[in-house]
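Each protein sequence line maps, in turn, to chains A and B. For the first sequence, counting from 1, position 403 maps to 402 in numbering that gives the first Met the number 0; every step adds exactly one. For the second sequence, counting from 1, position 325 maps to 324 in numbering that gives the first Met the number 0; every step adds exactly one.
For the record, the hints were derived by calculation from the structure and aren't laboratory data. Please note: incorrect hints may appear among the correct ones.
Same chains, same label: a pair holds when it works inside one copy or across any pair of copies.
Claimed, not checked - Here are the simulated lysine-lysine pairs, DSS-like style, with alpha carbons at most 30 angstroms apart: (1) Lys288 <-> Lys63; (2) Lys125 <-> Lys518; (3) Lys492 <-> Lys63; (4) Lys518 <-> Lys51; (5) Lys421 <-> Lys96; (6) Lys51 <-> Lys572; (7) Lys482 <-> Lys261; (8) Lys80 <-> Lys96; (9) Lys96 <-> Lys568; (10) Lys63 <-> Lys51; (11) Lys544 <-> Lys253; (12) Lys63 <-> Lys482.
Number of protein chains: 2
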Amino acid sequence: MLVSQLLNPTLREVPAEAEVISHQLMVRAGLIRKSASGLYTFLPLGLRVLRKIETIVREEMDAKGGQEVLMPIMQPAELWKESGRWDVYGAELFRLKDRHNREFCLGPTHEEIITDLVRGEIRSYKQLPMLLYQIQNKYRDERRPRFGLMRGREFIMKDLYSFDRDEAGLHESYQKMYDAYCRIFARCGLSFRPVEADAGAIGGTGGTHEFMVLADSGENSVVYCSGCDYAANTEKSECRPQAVEDESPQGQRKLVPTPGVKTIESLSEFLAVPKTALVKSLLYQGDDKIFLVLVRGDRTLNEIKLNNALGGFVSLQLASPELVKEILGCEPGSVGPVDTPAGLMVVADEEVPLMKRAVCGANQADHHYTDVVPSRDFRIDQVLDLRMVEPGEACLKCGAPLKEARGIEVGQVFKLGTKYSKALGANFLDENGVERSCVMGCYGVGVSRTMAAAIEQNNDEFGIIWPMPIAPYQVIIVPTSNKDALVVETADKLYQELQRLGVEVVLDDRDERAGVKFKDADLVGYPIRVTLGSKTLANGQVELKERKSGETHLINIEDLSHQVKEMVKKALKC
Amino acid sequence: MLVSQLLNPTLREVPAEAEVISHQLMVRAGLIRKSASGLYTFLPLGLRVLRKIETIVREEMDAKGGQEVLMPIMQPAELWKESGRWDVYGAELFRLKDRHNREFCLGPTHEEIITDLVRGEIRSYKQLPMLLYQIQNKYRDERRPRFGLMRGREFIMKDLYSFDRDEAGLHESYQKMYDAYCRIFARCGLSFRPVEADAGAIGGTGGTHEFMVLADSGENSVVYCSGCDYAANTEKSECRPQAVEDESPQGQRKLVPTPGVKTIESLSEFLAVPKTALVKSLLYQGDDKIFLVLVRGDRTLNEIKLNNALGGFVSLQLASPELVKEILGCEPGSVGPVDTPAGLMVVADEEVPLMKRAVCGANQADHHYTDVVPSRDFRIDQVLDLRMVEPGEACLKCGAPLKEARGIEVGQVFKLGTKYSKALGANFLDENGVERSCVMGCYGVGVSRTMAAAIEQNNDEFGIIWPMPIAPYQVIIVPTSNKDALVVETADKLYQELQRLGVEVVLDDRDERAGVKFKDADLVGYPIRVTLGSKTLANGQVELKERKSGETHLINIEDLSHQVKEMVKKALKC
Chain A
0 MLVSQLLNPT
10 LREVPAEAEV
20 ISHQLMVRAG
30 LIRKSASGLY
40 TFLPLGLRVL
50 RKIETIVREE
60 MDAKGGQEVL
70 MPIMQPAELW
80 KESGRWDVYG
90 AELFRLKDRH
100 NREFCLGPTH
110 EEIITDLVRG
120 EIRSYKQLPM
130 LLYQIQNKYR
140 DERRPRFGLM
150 RGREFIMKDL
160 YSFDRDEAGL
170 HESYQKMYDA
180 YCRIFARCGL
190 SFRPVEADAG
200 AIGGTGGTHE
210 FMVLADSGEN
220 SVVYCSGCDY
230 AANTEKSECR
240 PQAVEDESPQ
250 GQRKLVPTPG
260 VKTIESLSEF
270 LAVPKTALVK
280 SLLYQGDDKI
290 FLVLVRGDRT
300 LNEIKLNNAL
310 GGFVSLQLAS
320 PELVKEILGC
330 EPGSVGPVDT
340 PAGLMVVADE
350 EVPLMKRAVC
360 GANQADHHYT
370 DVVPSRDFRI
380 DQVLDLRMVE
390 PGEACLKCGA
400 PLKEARGIEV
410 GQVFKLGTKY
420 SKALGANFLD
430 ENGVERSCVM
440 GCYGVGVSRT
450 MAAAIEQNND
460 EFGIIWPMPI
470 APYQVIIVPT
480 SNKDALVVET
490 ADKLYQELQR
500 LGVEVVLDDR
510 DERAGVKFKD
520 ADLVGYPIRV
530 TLGSKTLANG
540 QVELKERKSG
550 ETHLINIEDL
560 SHQVKEMVKK
570 ALKC
Chain B
0 MLVSQLLNPT
10 LREVPAEAEV
20 ISHQLMVRAG
30 LIRKSASGLY
40 TFLPLGLRVL
50 RKIETIVREE
60 MDAKGGQEVL
70 MPIMQPAELW
80 KESGRWDVYG
90 AELFRLKDRH
100 NREFCLGPTH
110 EEIITDLVRG
120 EIRSYKQLPM
130 LLYQIQNKYR
140 DERRPRFGLM
150 RGREFIMKDL
160 YSFDRDEAGL
170 HESYQKMYDA
180 YCRIFARCGL
190 SFRPVEADAG
200 AIGGTGGTHE
210 FMVLADSGEN
220 SVVYCSGCDY
230 AANTEKSECR
240 PQAVEDESPQ
250 GQRKLVPTPG
260 VKTIESLSEF
270 LAVPKTALVK
280 SLLYQGDDKI
290 FLVLVRGDRT
300 LNEIKLNNAL
310 GGFVSLQLAS
320 PELVKEILGC
330 EPGSVGPVDT
340 PAGLMVVADE
350 EVPLMKRAVC
360 GANQADHHYT
370 DVVPSRDFRI
380 DQVLDLRMVE
390 PGEACLKCGA
400 PLKEARGIEV
410 GQVFKLGTKY
420 SKALGANFLD
430 ENGVERSCVM
440 GCYGVGVSRT
450 MAAAIEQNND
460 EFGIIWPMPI
470 APYQVIIVPT
480 SNKDALVVET
490 ADKLYQELQR
500 LGVEVVLDDR
510 DERAGVKFKD
520 ADLVGYPIRV
530 TLGSKTLANG
540 QVELKERKSG
550 ETHLINIEDL
560 SHQVKEMVKK
570 ALKC
């Protein structure tokens, strides 16, 4: 491809609305353009990257026996009512009506459609397992679309659904997909980590893993073990309770004045006790239930654990100040577990019962209790793992210290169980002629998101640094002059030669200064740049530059094509 | 691919709701399944056909310098308001609102989005011509979705948009696309015809051609010349007026009683005059204009010509009986051109003034005028070509007789001119630094529709007969026994061998009777079937059957793979 004929509008300025680096660079490098908030057009180079990721995903799905189908984006409301999701899915579901006033949605996911398909076609256990997938647009009416392709309203996903006879079959399909996902992100040339994750709102019986592309800018926090292969979403990671060395109090609890003190920080300072000696008391409302939650003062409550442990509320939030006043007669900053109403459930993180001499709120303004002993001085109805893990803690599996990293979620594998097959009646006859529900799994890769994540992970101050397997083109040839006939002719010859060798190459034939061409080449992020200058060429040499390392080498012109071909081949094998 | 592992649910019965053969066969052959009215899932074999058509389209677009992009399906209302189409597009546009109550539509076409993109990126004439295309879902809220993929609500199209400096450039781009389309449908192995067509509602300055796949079941009628390359949509085809040999009347027109006579047929019979002697008079309402339309009694009025000739009404229809009564004082069956109100415009087909002695309605019940002479007895305000062409008429270009055929529209090329570039301000600076509007063209291929049209054209009582280039697989191997070890092993060996040779092959390894496998193979329509039976195999032979011709040959086992490979190669070259 000749750059002069390519729609690749590069920009020097950072677009004002682009908050994250991948969004900035995708716009600046001319890969995408915005059509409306959260809706983008992929320009030719952006689309090439997308297609490469799609191809890798497709090959790995096929290798595991996945069969590709293509389901409608518009989905009838009836199916969503059958599964029970029409009413609970909320504002993120794009809904519309046809001319006959029938309701539809734009699919954010396809469990209903695929289960409807399969229930019509599956009869016997002999047809299972069945793995069906598609690569297609998905829709989500984000409250605030942002970060370019990272959180758009229209995005491209691969979604595979597995149908098995039983849990053992599901486990096998799950493992296949887990392995395939590892291969996908490795083949894309990305540094990633599968982490144990929370099942969240999709529901389902079993485990789930998220695949995180590691990047400092990632919005997810993950912990991983420095000693073994344990890794988890920080919100999911189980914690080992750690007791603090502390002496039991000599006498009864004391009510002490703490004028104006309302936070853990100020309390620790005011009383000159470490945060580990404080009990953080939080009144929560989950749907129509109210309960008091306790964690140690130095810890962070993990709301996801709290919600999972208490059975999964649709809405879980801190009680309003008015509600706190009504229940406990004080402000939120004064809440404590002593002498709470009999009907109020008190749940505590596992570390709270291990405290020997605690300080807590007294449910009255400007006072706290000291020398408080859990159980002796207050009731705990349920002890649970409710806190966020912290880097440096011991791995639950092997005891080695955990480390923390930031990541971008690009894939998730999920054991659904029989939630959808039961709701929609996707049954089969087993070996004994008994009708049973298919056991399902679902497995998603954010294809357009992977493109953004790849940039978040691979960039520098000059632009994108594409991993070879997903680069829009592998090589750019830059003649530094459009007037030196030898330069122009040699550039063209190399261009032809590399194409013949099957290398994906663009030739920057524009009538621009060399500096402009270099800047654009770096910005777009072609892995290899071949530069032809009058002087070096007079010596029979051209310059070869690796985008990633920045290293340059002078190469004899006759060796160039072969050497480039080898570099590409090597980089694709990694 | 092993058939046992393929989701390819075939049906023996014709699905009740499928009215056309392509819909019936696509469901029966397990290529698609309905998710909702006008919304389909492509199953694995159907998707393979689709992808093959897409690949052919993509290659031909790229060969003409087209650059592939991917635009959003969801389009903001603002852009459609800018182009003026938001209010006029009507009920076929799927509209929806986001959570912030902003309006969007699901794109039935992408002129607005692409023009918005280009206006942001184009500065200079040096960047033109620019040809941008995508292959993507389109949406149309059909009043009555039917015929499977022929008239769905969600369908796949390739749409290319050309941007040129001037009309000459547009003409060149148009010709490129015309040529590319000819190659596309030829490469798909289809019998087709490009025909001159009506510009219709898209608007635009220039010509347009439709590409018709010829099939007796086609919903479009086309005429083509037996002598030259002229071909046109029947509705578009210009007519040469033909005079009827007739004598002028001796005296004045006569009012004759015609009790109960209200149609051309009954009038011709009652008065014993040929239909060529009758004037058909029709009162029409175009938006808020009313006019009388005259064509010869043996001809059919062409409403599209009428509408184009009179300037393009949003709504054009026969006047209601009430309106006829109000304007002419009679029923619609008695309408005639004599003594009409002075303000009523009378438009006549070119053949009407050539009539010498005509019969027409008298604007009163149960009477007609005979011996009427146009101009002498009634006024004609405008003479126009207003009738439908008929097979057998002389070609306007060469005089040879026209023939008629039926076709399915699968593509259209269209000169848009500056309609959208002016509305949205897609301008560039020409050689003299003068700002000018891009001159645009748009070019669509119905990708999923082409799949349906291919089946309409290529089928028999046993099923689909795929042209080799778009067959889901090229070859099916059918072992007639799953018990004869030699049959099973040889089938597997051939399967491996053909795969190694790059032939797309499935092996029907199911534990089914040979008859069932044969029926399915014919139904799905694999171009080549290789059958392995115990008896023939004992003689070292297998049977090779061509789906299209139905011819079978016994081939020595050692020649089979090579011969199949050659057959495939030959069929792909056609």
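Hints versus structure:
Proximity of Lys288 to Lys63 under the C-alpha cut-off of 30 angstroms is found in neither arrangement, the shortest distances being 46 angstroms within a copy and 66 angstroms between copies. For the identical chains of this complex, Lys125 and Lys518 are inter-copy neighbours only, at 22 angstroms across copies versus 59 angstroms inside a copy, given an alpha-carbon limit of 30 angstroms. Taking CA atoms no more than 30 angstroms apart as the test, Lys492 paired with Lys63 passes between copies only; the shortest distance there is 23 angstroms, against 42 angstroms inside one copy. With identical chains, the CA atoms of Lys518 and Lys51 are at most 30 angstroms apart within one copy only, with a shortest distance of 24 angstroms there and 39 angstroms across copies.
Taking the shortest Cα distances, Lys421 and Lys96 sit within 30 angstroms of each other inside one copy (28 angstroms), while across copies they are farther apart (33 angstroms). Taking the shortest Cα distances, Lys51 and Lys572 sit within 30 angstroms of each other both inside one copy (15 angstroms) and across copies (28 angstroms). Proximity of Lys482 and Lys261 under a CA criterion of 30 angstroms is satisfied in neither setting, with 74 angstroms inside one chain copy and 82 angstroms between copies. In this homomeric assembly, Lys80 and Lys96 come within 30 angstroms of each other (Cα to Cα) both inside a single copy, at 15 angstroms, and across copies, at 21 angstroms.
Taking identical chains as interchangeable, the C-alpha atoms of Lys96 and Lys568 are never at most 30 angstroms apart, the minima being 51 angstroms within one chain and 48 angstroms between chains. In this homomeric assembly, Lys63 and Lys51 come within 30 angstroms of each other (Cα to Cα) both inside a single copy, at 19 angstroms, and across copies, at 23 angstroms. Taking CA atoms no more than 30 angstroms apart as the test, Lys544 paired with Lys253 passes in neither setting, with 72 angstroms inside one copy and 96 angstroms between copies. Taking the shortest alpha-carbon separations for Lys63 and Lys482, only the inter-copy value of 28 angstroms comes in at or below 30 angstroms, while the best intra-copy value is 54 angstroms.
The structure is inconsistent with the numbered hints 1, 7, 9, 11, although it conforms to all the rest.
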